[in-house]
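115 is the number that the working numbering gives to position 132 of the sequence shown; each next residue is one higher, with no gaps.
Derived from the structure by calculation, the hints contain no laboratory data. Just so you know, nobody snuck in bad clues.
Derived DEER-like restraints, expressed as beta-carbon distance ranges:
| id | residue 1 | residue 2 | range |
| --- | --- | --- | --- |
| 1 | G3 | K53 | 18 to 24 Å |
| 2 | R168 | R(-1) | 38 to 44 Å |
| 3 | V183 | L26 | 30 to 36 Å |
| 4 | M190 | Y20 | 36 to 42 Å |
| 5 | L77 | G175 | 19 to 25 Å |
Positions of the beta carbon are idealized from the N, C-alpha and C atoms, including for glycine.
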Amino acid sequence: MGNRFIEKYRTDYEFRTFSGAWLSLGITVLFAAYNGYLGIASLSLWHGSIAVYYILLAVIRGIILLSEWKIRTQESKNKARFRTFRISSAFLLLLNIALICPIALMVTFEKPVQMSLIPAIAMAAYTTYKIIMASVNFGSKKKKLSGNILISELRAISLIDAIVSVLSLQNTLIMVEGDTENMLRLSAATSGAMYALVLVITIRLLMAKISRAG
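Turn these sequences into a full structure, and let the hints steer you where they fit.
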């Protein structure tokens, strides 16, 4: 059983993508719950806004994964996937809007940091790995072999998730170092650039799939 799973994971691109998405969904739910708790317990706008972001991210992944799991016949797959894409795209647009608040807080350094440098660096290393893998998978030639519209959306939101994680960690490390005054312009510039990249990824995804549907 274990060998068959490993072999399928290694050779089946769609299976590998959806398996990873289920794991990401579980982690996202945990992050949403953790930040939601801190937002309520400490009346923190930062944690509350990040919780909203993770909730929307979990909703998008959940919609896609549950829809794919319910599909039974080959004839209904494409139609069901496009319907799921339209619904999840609406939440993706909401996610882009929801990011405005935490990014604005990061730019102005209105973000509580209760973290030493060592765990911050460890988290940064993990997030760097996350964005590298997301970037590699997003541009992989294998995506051309799959006609599943939801695969592209999962890849896009994984890349967005990685970008936001890196952006948050960048500002966390700046706050841990304490040199906020000299780094304000850099933080504002990189935050704006990364948010613009998130918008570009979203728009490209929507435009490509709308064109395909047409």
